[in-house]
Amino acid sequence: MQRPKPLPTEVLSDLAVSAATKLQRLRHLGRYFKQSSKAMEQQVSRDARFYGSLIRLQQNWKVKRQRVAAMGPGSEGFSFDLLDNSFVDLTALSRPSSISTVRVDHHYSGILSIQRPQKLCRFISLRFIGADPSCKQKSISRKKIYSLAEHHRAAKTEALTDEEVNECVKDTHSILCEIHQSTFEEQVFDMVNHETYNPLPGISVTGMREDFLQLAIGQETSVCLWLVPSGKEDGPQMVDPKGDSQNGESGLLNSDSMDLAIVGDDQHDFFKMNLSGMPNPVSLEIYLLFIFHENVLARARERRSCATRAQVPGEPADGSCGVLGHFCMTVAHRIFSNKVLSELESLVNGVPYLQLLSHPTWHSRTSSWSLFLKFPQSVLHAGRRSKISDNHHLKHGMRSQFHTKVVVKDDQINVSGEGAPSIICSFRGSSDDICSLNSFGCDLEDLPMILLQQVASQVIRWLHEEALVVGMKASRDFLCLYFGLDHGDTLGLVAHVDPDDVNGCISWWVVMDDGSAEGKNLTYYGESESRRFLGHLSLEALYATVMDLASLCSIGGIH
Amino acid sequence: MSKAGASGAGSGPTAAAAAAAAQKQKALLQRVDTDVANIVDNFNLLINVARVTDPPIRNSQEAFQMDMRAARMVQAADSLLKLVSELKQNAIFSGFASLNENVDRRIEVFKQLEESTERLLEKIGEEAAASLKELETHYYSSVLRTCQHD
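Sequence order for the protein chains is A and B. Quick note, the working numbering runs 2 ahead of the 1-based positions in the first sequence. Quick note, the working numbering runs 1 ahead of the 1-based positions in the second sequence.
Calculated from the structure, these hints are not laboratory results. No residue lacks a Cβ here, since even glycine has one placed at the ideal position from N, Cα and C. Honestly, I wouldn't trust all of these hints.
[Stated by the list, open to error] Stretches of chain A that chain B covers, calculated by requiring three or more beta carbons in the stretch to come under 8 Å of a beta carbon on chain B: (1) 18-25; (2) 31-40; (3) 353-362.
Please put together the full structure from these sequences, using the hints given.
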């Protein structure tokens, strides 16, 4: 039995069926290849996006590859290491920062994103006890500004433009900056904590928790340092005394310190002091970070290069009190210098011809001002007699202006100025040394009185010189100017200083006696025949008064 | 990054690292060869299977073979892509010379930034001091001050 030979048409038909089947198969394969090709192109572009972003971020950040066994080749085990090596030895005793390693996520769209740490970024916040929270000016709202855009971009899987990828890299960079700053500030906080273990003179720790430190500087000032989580716009709040007492992991010293650390409602009024003279807490935060940064970097540089140690700006030269001690002394100085400035301003308000000039010292624990007394040209002898040269004035020691410098170093006030007699010169009675430069320390209570005496004596000196120029027989004492009259009588122009006088701090009296009356007692004695109150005279009026007295004395002298 | 210690020390570790790198390079090249050969072979076989046979037999078997060859080609291509990713990673993490160069460059840039910032701060401070002086002088010679005491 032989199979019948197929007809050509049948052969062709079979062939056509077979070819059509193959064609269908090949078309199917073509679709498969196209799909695979498209997927691979997407994969290539995703890789290009991811590794491009990674390379760009690597320019600024240390990228680590974690070799985890569970992760296959190509799988991402990348992380950013934000811990600065220069802090390593200093932070050995402190806790390791939990957010210093940031894991990298490879989004399926090729976007590089980072896993934000579970714990929020925390930043140092400084506040004085009793300060109004509204005075806090730091913009904590800088955080969490990227999360929204991140989600939007993550939702877009395809068709990401270069600009969007660029923005994403910038956002990631910003977040890393924020975390890095937070890490640094946490380290600074730890270093501050660590420094409090060493006793510092004048500084005591009155409260300590995991993220809280309260320091008492001197008798009056208390400073709190917090680590504030990001996003808390209102900053740290006062905690209820009973509320947080069972916080076991907080590193709390003991319950006593806790009670001291927390300001309850009953104590709040006690701390409601006048805080207008307090320095700006934000600038102090910046300064605290600055000095620790400089100090740590200086040590790191010294360790690396073993070179001579560079003097760090703002660091104490002797280094005895440490960085924290220096900071606390800076805080104390700023508060004290504000008080001094307040005194000086009220003094200048009380003396119309006095000017207050500030002299920035560029040192955190030194402040300087000067009180400037300038005699107006209208009443100045030199102004009217231009033929007298400046050399003449210099030769005769005539001055048209006086400076009294007030320098505050830490809590020490030093006053130096010309034109006022010193105590020794006053005793000696010689006028030669009277114009030498005086320099002496004083405390805040005596400062207004000392300065007023200094200024009044400068005015007396000027009047004395003017009187001598017009040919009067005049002599001067500390705050008195005497004119000689007939029969040995003397006419005295006496300055009376009173810092609390609302009408003016320097007033003037005319005394017709031997000049033994002291300015202090004038008000108690009141006016009499031999004493007359002239009032709070301006320099012009004083000059006119002296000229009147000159004419009076000359008349008296002639007759 | 993880090889920094190995490559930076004396000759022993350096030699070991060089040997490991050579080994890795060899393995990578081998993988490339394998994948490319895989693609070419499977493509050849695919072409062979694509021929219309006479008589038409074993349709389902041929279809299965074509699918399998195509899948192997795609798999080999994917493997090549992964290899490219690995190469990129190596380029990122093992280019110590360029990394160090970049770090040095960044240090230089930051130093310049620090200097310019310090200069700027000094300038701001001087300007603030000058402005303060000017304002104080202006205030004490102003009508406000003189009228205050009249």
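Those earlier numbered hints the structure runs against, lowest number first: none
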